[in-house]
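So the sequences go chain by chain: U and Z.
For the first sequence, full-length UniProt numbering begins at 1 and goes up steadily by one.
For the second sequence, full-length UniProt numbering begins at 1 and goes up steadily by one.
None of these hints come from the bench; they were simulated from the model.
Note that the structure is predicted; figures quoted are calculated from it, not measured.
Just so you know, even glycine gets a beta-carbon here, dropped at the ideal spot from N, CA and C.
Where hints are given, some of them may not hold.
Unchecked claim - Derived, one-sided and incomplete: chain Z residues facing chain U with beta-carbon distance under 10 Å:
(1) GLU319
(2) ALA320
(3) GLU416
(4) GLN480
(5) ASP481
Stated by the list, open to error - In silico contact screen, one side only, chain Z against chain U (beta carbon under 10 Å); selected entries:
(6) LEU309
(7) CYS311
(8) VAL462
(9) ARG483
(10) GLU506
Said to hold, decoys possible - Below, simulated DSS-like cross-link-like pairs (lysine-lysine); rule was C-alpha separation at most 25 Å, straight line:
(11) LYS594/U to LYS561/U
(12) LYS565/U to LYS583/U
(13) LYS399/Z to LYS565/U
(14) LYS172/U to LYS348/U
(15) LYS382/Z to LYS365/U
(16) LYS340/Z to LYS561/U
(17) LYS87/U to LYS549/U
(18) LYS549/U to LYS249/Z
(19) LYS549/U to LYS340/Z
(20) LYS340/Z to LYS249/Z
(21) LYS565/U to LYS382/Z
(22) LYS549/U to LYS464/Z
(23) LYS237/U to LYS249/Z
(24) LYS561/U to LYS399/Z
(25) LYS340/Z to LYS88/Z
(26) LYS583/U to LYS464/Z
(27) LYS365/U to LYS399/Z
(28) LYS503/Z to LYS565/U
(29) LYS370/U to LYS464/Z
(30) LYS319/U to LYS275/U
(31) LYS371/Z to LYS370/U
(32) LYS503/Z to LYS348/U
(33) LYS319/U to LYS365/U
(34) LYS87/U to LYS352/Z
(35) LYS88/Z to LYS583/U
(36) LYS249/Z to LYS370/U
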Amino acid sequence: MFVLPPPPRYPNGNLYTGMPGGGSLLETNNTLEHPTGPEYQLVVGEGTYVLRDDLHLATPPPHPSDAPQPNNNPLATTIGLPTAGTKLSIAVIAPRRPPAQNLFRTQTAQSARSNLPPSIQEETQSPRSDAGSATNGFGSASYYSHQPTFGDNNPALQPAPVKGKKGDQRAKPKNNIVKSNSSYVSRVIPHEALQKRLTERSPDGMFAFANVNRALMWLDLASDVKTENMTKVLFTKAHALCHDVNEFTKSSTHLDVILGFNTSDIIWYEPVSLKYARLNKNGIINPSPISTILWIPNKENLFLAAHTDGTLVAYDKEKEDAEFVPEEASPVENGHSNGTHIHRFHIKKSIQSRNQKTNPVAVWKVSNMKVNSIAFSPDGQLLAVVCDDGKLTIFDYINERVLDVYRSYYGALLCVTWSPDGRYVLTGGQDDLVSIWSIADSALVARCVGHHSWITDVKFDPWRCDERNYRFGSVGEDCRLLLWDFSVGMLGRPKPMSVRNRGSVSSHIPMHRVESQSTVSRLRSNSSLTQADGMSGEREEVVHPVETKASTAVLPPVMSKIVDKHPLSWLGFQEHCIITSCKDGHIREWDRPKEGAGDGESTTAGSGM
Amino acid sequence: MSFFGKLKGGSTQTQANNAATAKKDLNAPVPTPLEKHLADVSGPVRPDGSDKYFGFENYGSTCYCNSIIQCLYYSAPFRENVLSFPSKPFLESLAEELARSESNGKPSNGAPLSPRSMSATPYPNVSSPARKQTVPGSPGPGGVVKQEENKDSPEFRKKLALAAGPVLDMTGDNSVKYGMDESLFTSLKDIFEAILGNQSHIGVVSPHKFLEILRRENEMFRSAMHQDAHEFLNLLLNQVVDNVELFSKQHPMLTQQPQPNVNGGAPETGLAAAMSSAVAGAQQVGNGLDTHWVHDLFEGTLTSETRCLTCETTSQRDEAFLDLSVDLSAHTSVTSCLRKFSEEEMLCERNKFHCDNCGGLQEAEKRMKIKRLPRILALHLKRFKYTEDLQRLQKLFHKVVYPFHLRLFNTTDDAEDPDRLYELYAVVVHIGGGPYHGHYVSIIKTQDRGWLLFDDELVEPVDKAYVLSFFGGEPVPGLQDARQLACAYVLFYQETTLEAVLKEQEAEGQQPLESRLSTTDTAEGLSPSKGDLRQTQTVTTPLGEAMAGMDPIEHAYTTPMEILHSPVLRPPFDHQFTTPGISPVMPAKSKKEIKVEEKERKAKEKADQKARELAMKERSSKRVEAYKREQEELKRIMEESKASAVEEARRRGDEAPMEKGEKGGLARFRHGSMSLRAKPKLFGKEKERVPQDGAEKLAAVPQGQASTTTDAGRITQDFAPKAAESSSAAVEEKKLKNRFSLGRKKSALM
């Protein structure tokens, strides 16, 4: 065997020379940069977004006991700990409307949004209106007023929220995370002036939580010293893959954060008091990693975890774990076979189960493959689930029914989000496409072509959406941020490709069908939405065929730009900025165009009014 | 050869035997991961070969060949077509004829296990790395310890696989029985038949004859140098086409006379098999002997639309392709690479288009779209790129993601079934830091045993997620993880239907426990102590060589072993240990026996030490010489390519600057990335210069393979006709070879 010159070239010399063991205990610090120049600007119709801050979160080195060993086998089958990149959640304490409530604004971002009457949306958010308000502007949400929210009609679940509430006092987890001697938590590094920072900050400022491998960092993005973590929690070997902050319970003295790990464990963490509790310990309820975890809308205690075995599990943060045995005798509770399109949905434990002393609260098997992401509709009534098998499932989780199943063009779907009005769902996936699905029409509206690789996150920009015009953004493995505009008029009505699928989403409960039908159509016409066609018979789960290239509208982006050196993992729209984060830990804040600077009033404004 | 022949005395045979048994004894109680994976396989082997999991022996840098043949074998339609060509009735009548004329007709499947001595020509590299060092450990007291360490190394497990057998020595040639001339096709068919004919589910194939023919007919594959797997794939497919077509020309009778469906007899399972039989059946009923099956499987049609910017006339030209070579850029997906492939490009400056309408060189817009979708889409990711400042090929580590399923966006409006769904069924992975060395393995989806890793002799089950772990990505400085060197190089997508995919997803959920069980088994099988897995596994041989740089001593140490286990020694672990069924577990030996054997072995080792040293010296001096030769050769090639690159640059003018651009460089000459079977007919001017039938002829000439890539075509065309005329002339051949590697460089450059 001859080995020919030239020798292999590596950026850093030989990969195989011994390096002093990687497991140094040095805690690296976050760094902040302010790069400027045209490559740090996003030029869109409404003006120019400028990169304000590039905050680089220090990716924690692996735990010393888990230091990476030099691996000389290029075909080693041990796949390292999964990483989800840097995922953020933003929390603003002030009683400000979260973006999702800012619906049907007739003005765009520049207008004085704070002048808008608080209106009914406020109510939806307030704890009193658990069941939703009578008319809140959601076309499809209105009639939910006489529908139960998740688990409401199960008396076995009723005591729980009452028990938890003691005046304004929120229930806290039991264990102190700093003093904990659990081997699961490695280190907790609270800021030395944590309480001072908490009391002195403005409630309008953004908190951010970020999970980066084995760390959870709590940042105050409004602070002058935003590089300094409020608190940094390091776990021993587990990687946090997802987390969520409860919008419903947040206050300046209380934040409910829930974390999902690759080890299948869940941690309920209250950062202000530094207390925590661990659920699904050692995978007693479900042993597979958690890809997405979300608080159930308007619920103090309940959250939903998407496990990678295709199961969705609802937990109560305060309940004890118990070994889970599927309760339903028949494996196919709501199965529906449509020719060869077989879709299986198993209720392994119903929310209606009387046995609610322990977790889990409910267990549903939605797919045979990994669930990649889930998203609740803005009105909290529906759940969109995307999986590795390429399916988008619209799931009426309150009544535990699958409504629609759509398929990607090809490959897995990786991310999903709802439009602020709940009429559209966006998915992004391995087909490099963002797909727009109309929930009212049960159809694919358009495929958005422009990414150069898989799409990792997609979000609407609620500050640039109105009744007819929508702005959304997407980020992907191609390191790009793309912004898209679409309007109802522009795309026209979705082609009625499959007539049999035209049923409305709304008729959830067969026994109330007649009533809800009339309600819906009235409300729909009142709210001047594209009304749904008449109900088509008994509403059953509908599996939609894959639309062909030729039959589908294609939407080009209004902006496409490489915004990071690393693949992006998360995207968020805030009132004043767009935030992107990458797999390497860079969090970039892109300021929206300055007031008056981009007065050309945008493509989105007015056109529908 | 003779020198080493003398060295191996009669005693070495027993020694090898001892060593082999000793090792087996040590490992006998532990079934390999593959054996565990196949533990529930029962009943007789299937007649279609879908339940055979054979490794391929590596004869020193022949992994390019092994990995590609495996990918082809596990394409059910390809395998079946190879096996059923020529058709059974023909073979039967031929066999009768042979029996009558020679009156000693053998059964048609008997020959594959013919003794090695039947082979007339010596092999350039007789001993595979896995056969070296059959004596475990290095000489000295540390030997045993070292062996313990290496127990989990792929190298060691390859040796075990080889020792466990059965080993199918493909030295014979059955071409007469097929009524064909000896060719790559017949030897490939021999291999497939031999795998099918063996009653074991696992084993190792030694593709001597195949390599012999390959090297005899193709000079570029003659050296022990690292070869390009994609080039080999292209060559092999073209040769199969030629061999098959030649046969049909020799037997014009067969092509007209309708034959019964040859696939009818074999009970077929699985979608792919069903599809293939349907298609093959239809064709066979139609025109008797199907000679077009390679085209039917791999061939697609590209339409290049060129719009002259002066007269606005659009001209179209269709070109066939057997695989698509796509340019890469960092952080993209194969979807995006394919889109880019079909993006519009400007033909201007030195690259103007000869417009038939305005009659002159004009600026034009050109785009390539897929008009006919192939049933098997072989996607070649151009990871080897010529870099101007280094003046050599460099490996691109760009992260390029690939999904399990794919549809094509770049189809023409009139394409048939433009939304065809493809599923990934095989990935050829290149491991190494550069294009001149490294290792190839393939990861292949089998009909009902999930994904398997084929690393030469070694076959192992892997998790589905493992398949998507070869996206690549720039190596992270300081990160000591060899996995960074392994990137997908050729992707095989086969057509499928949504229904089939759904069924599979359904099935996946029905046996979640079983699959989970098998994966944990795998993990355990790979490493007894889970935590140690990463550090205990050592470098695979070829990688080791790549990594070791040019240290001659490293090699010198390993070479003496070769002497001890050159071909004559093979019988001990050839057929002797061939066991029907799947678990070749060796009878356990007592500790005493082992000790005795160990003692014997050590004594022998000492005795051989001297001889080894002698041989070592000899070898190392030879090696140095050969090394020098190779280096000179390489230098010359480099210089040639450099010169031609300069020339190219001059011709194109704007190429070099484009190279630097963030976008342009790669997209610029995109059209060149398509791999064509025949010489490309790119531009009007060139089309006039080279008559089309000349191009066809060229493709038939082995050396004419230089034209298999479009880019090469443009460079080679000046002398291509010449080559077609006098391909045998050594000088010409030499030139061609250089030109060929140049073509390679060109193709990577684009």
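So, going through the hints one by one against the coordinates:
1. GLU319: violated, 22 Å
2. ALA320: violated, 23 Å
3. GLU416: violated, 13 Å
4. GLN480: Cβ of GLN480/Z sits 4 Å from chain U, so the hint holds.
5. ASP481: With a closest approach of 5 Å, the ASP481/Z hint holds.
6. LEU309: Check failed: Cβ of LEU309/Z comes no nearer than 24 Å to chain U, outside 10 Å.
7. CYS311: Since chain U brings no Cβ nearer than about 30 Å to CYS311/Z, farther than 10 Å, the hint is violated.
8. VAL462: Cβ of VAL462/Z sits 6 Å from chain U, so the hint holds.
9. ARG483: Holds: closest Cβ of chain U sits about 5 Å from ARG483/Z, inside 10 Å.
10. GLU506: holds, 6 Å
11. LYS594/U to LYS561/U: holds, 20 Å
12. LYS565/U to LYS583/U: Since the Cα atoms of LYS565/U and LYS583/U sit roughly 10 Å apart, the hinted pair holds (cutoff 25 Å).
13. LYS399/Z to LYS565/U: holds, 12 Å
14. LYS172/U to LYS348/U: Roughly 29 Å between the alpha carbons, so the hint for LYS172/U and LYS348/U is violated.
15. LYS382/Z to LYS365/U: violated, 41 Å
16. LYS340/Z to LYS561/U: Between LYS340/Z and LYS561/U the Cα gap is close to 17 Å, so the pair holds against 25 Å.
17. LYS87/U to LYS549/U: violated, 33 Å
18. LYS549/U to LYS249/Z: Outside the cut-off at roughly 42 Å; violated.
19. LYS549/U to LYS340/Z: Roughly 18 Å separates the two Cα atoms, so the pair holds.
20. LYS340/Z to LYS249/Z: violated, 40 Å
21. LYS565/U to LYS382/Z: Holds, because 22 Å separates the two Cα atoms, which is no more than 25 Å.
22. LYS549/U to LYS464/Z: Not satisfied, since the Cα-Cα distance of roughly 29 Å exceeds 25 Å.
23. LYS237/U to LYS249/Z: The given pair, whose Cα atoms are some 67 Å apart, is violated under the 25 Å limit.
24. LYS561/U to LYS399/Z: holds, 18 Å
25. LYS340/Z to LYS88/Z: Violated, at roughly 45 Å.
26. LYS583/U to LYS464/Z: It holds: about 23 Å lies between the C-alpha atoms, which stays within 25 Å.
27. LYS365/U to LYS399/Z: Since the Cα atoms of LYS365/U and LYS399/Z sit roughly 33 Å apart, the hinted pair is violated (cutoff 25 Å).
28. LYS503/Z to LYS565/U: violated, 40 Å
29. LYS370/U to LYS464/Z: Given that 25 Å is the threshold and the Cα spacing comes to 12 Å, the pair holds.
30. LYS319/U to LYS275/U: Roughly 16 Å separates the two Cα atoms, so the pair holds.
31. LYS371/Z to LYS370/U: Violated, at roughly 35 Å.
32. LYS503/Z to LYS348/U: Distance ~22 Å between LYS503/Z and LYS348/U Cα, so the pair holds.
33. LYS319/U to LYS365/U: With a Cα-Cα distance of about 21 Å, the restraint between LYS319/U and LYS365/U holds, given a limit of 25 Å.
34. LYS87/U to LYS352/Z: Violated, because 50 Å separates the two Cα atoms, which is more than 25 Å.
35. LYS88/Z to LYS583/U: At roughly 57 Å apart (the allowed maximum being 25 Å), LYS583/U and LYS88/Z break the hint.
36. LYS249/Z to LYS370/U: violated, 53 Å
In terms of the numbered hints stated before, the structure departs from hints 1, 2, 3, 6, 7, 14, 15, 17, 18, 20, 22, 23, 25, 27, 28, 31, 34, 35 and 36, listed from lowest to highest.
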